[in-house]
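Q: Residues per chain are reported as follows:
There are 2 protein chains.
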Amino acid sequence: MSDKIVPVGVSARHIHLSKEHIAALFGEGYELKPLKPLSQPGQFAAEETVQVIGPKGRFDTVRILGPARKASQIEISRTDSFQLGVLAPVRESGNIEGTPGLTVIGPAGEVTLERGVIVAARHIHFHTSEAERWGIADKQLLRVRVEGERAVVFENVIARVSDQFALDMHIDTDEANAAGIRNGDKAVIVE
Amino acid sequence: MSDKIVPVGVSARHIHLSKEHIAALFGEGYELKPLKPLSQPGQFAAEETVQVIGPKGRFDTVRILGPARKASQIEISRTDSFQLGVLAPVRESGNIEGTPGLTVIGPAGEVTLERGVIVAARHIHFHTSEAERWGIADKQLLRVRVEGERAVVFENVIARVSDQFALDMHIDTDEANAAGIRNGDKAVIVE
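Protein chains in written order, with this note's numbering: chain H, 1 to 191; chain C, 192 to 382.
These are computed hints drawn from the structure, not numbers from a lab. Note that CB positions come from ideal geometry on N, CA and C, so glycine has one too. Possibly wrong hints are sitting among the right ones.
Calculated cross-link-like contacts (lysine-lysine; reagent style DSBU-like; alpha-carbon spacing at most 35 Å) [unchecked claim]:
no.	chain 1	residue 1	chain 2	residue 2
1	C	K195	H	K4
2	H	K4	H	K56
3	H	K4	C	K377
4	H	K33	H	K19
5	C	K224	H	K4
6	H	K56	C	K195
7	H	K186	H	K139
8	H	K56	C	K377
In silico negatives: residues of chain C with every beta carbon more than 12 Å from chain H [as the list claims (entries may be wrong)]:
no.	residue
9	F217
10	P225
11	L256
12	P258
13	G285
14	D359
15	D363
If we take Cβ atoms under 10 Å as the criterion, some of the chain H residues that face chain C in the derived model are [as the list claims (entries may be wrong)]:
no.	residue
16	V90
17	V119
18	R145
19	T173
Chain H on its own, in the form it takes in the complex (with noise of 0.2 Å):
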């Protein structure tokens, strides 16, 4: 049995903003009030939400995540893409070339994204400290079980490796639901 414990994190649909974007659905200048901390240093969940509108469907209060971002992102599960009717691929956060895109909708207007509508590529955030302690590289695909009625083996994990991380397993809630975990519930890396 493996000692590389990780607790879980599970990640709703959520919106990550650019400053540009910021200020077309909010007014010139909005600053995006902290709500409350994330798992990684300095990343903060919103008060503010937005509406979110595809092709088939919509979702009216989406969380916004910050601090902005270079380009704005959204992150939904494949059972959100398939309500709202947009074929998002499995991606890297950040990784969003050929991806689709969405209506945005906030209080002072509306956006619409070119691309950026991707369902997260499940992933593990490693401080430095703890990847070195347990041979682990950046980039490198694990494998990651969790226990319970529906336990789950995940392939395909990817390792993310920054002294600016904290430790962290993120998923969605299409795999959570699946494995029958809660956010905060541990997982072991068995590879």
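Based on these hints, arrange chain C on the given structure of chain H.
A: Chain C in isolation, oriented as in the chain H frame:
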């Protein structure tokens, strides 16, 4: 590499109804109209759908699967259960003691189910001949792998063996979406 290859059937939310509830929802003496046959002999998706209403949400078109059963049963994903606001447990089909209920609405009336809402435990139907050839016993818990960019090993997959069954693995939409697979894809029994 195992050669125990099984086709996967993805179950979207659906309902099985008792004769009494078909009468209450569609009228006395009503007979379900088969729309298309399912993988298991004699089972069919009906033309008819019903509305299902929970404390937090509703689904307007939930497919009925026929023929009529002894007890009504609604099978949903965990994602659906959050949307409806119903704490549906993971159960084998037919094991509905102590499960929550829901309100069901049809064209001729409405029924409040006292129980029957479950998240179906993933399982494989085996014809007796395959089970014998592969050395698999009824009720055995299996590990089953699905390939691809979201490759997953599902544990605790229940074997169900009968000479009335055709080989098929049944998972729900959360499980299918988490594993990036579609109806008709293949899975491999790994032990």
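Q: Measure nothing beyond the straight line between the CA atoms of K224(C) and K4(H); if it is 35 Å or shorter, mark the hint as holding.
A: Status violated; Cα separation ~54 Å.
Q: Decide, holds or violated, for the assertion that all CB atoms of chain H are farther than 12 Å from the CB of D359(C).
A: holds, 18 Å
Q: Decide, holds or violated, for the assertion that all CB atoms of chain H are farther than 12 Å from the CB of L256(C).
A: holds, 20 Å
Q: For the pair we were handed, K186(H) and K139(H), check the Cα-Cα distance against 35 Å.
A: holds, 21 Å
Q: Is the hinted pair K33(H) and K19(H) satisfied, with a Cα-Cα distance of at most 35 Å?
A: Holds, because 14 Å separates the two Cα atoms, which is no more than 35 Å.
Q: Over 12 Å to the closest beta carbon of chain H is the bar; see if P258(C) clears it.
A: holds, 29 Å
Q: Straight-line Cα separation of K4(H) and K56(H) no greater than 35 Å?
A: Answer violated: K4(H) to K56(H) is near 42 Å, above 35 Å.
Q: Just double-check F217(C) for me: nearest Cβ-Cβ distance to chain H has to come out over 12 Å.
A: Per Cβ check, F217(C) is outside 12 Å of chain H; nearest 28 Å; holds.
Q: Is it true that the CA of K4(H) sits at most 35 Å from the CA of K377(C)?
A: The given pair, whose Cα atoms are some 31 Å apart, holds under the 35 Å limit.
Q: Since G285(C) was said not to touch the interface, does its Cβ keep a gap of more than 12 Å from each Cβ of chain H?
A: Fine: 17 Å to the nearest Cβ keeps G285(C) off the interface.
Q: When you check the alpha-carbon spacing of K195(C) and K4(H), does it fall within 35 Å?
A: holds, 31 Å
Q: Beyond 12 Å from every chain H Cβ: check whether that's true for D363(C).
A: About 8 Å separates D363(C) from the closest Cβ of chain H, which leaves it inside 12 Å; violated.
Checked against the numbered hints given earlier, the structure breaks hints 2, 5, 6 and 15 and satisfies all the rest.
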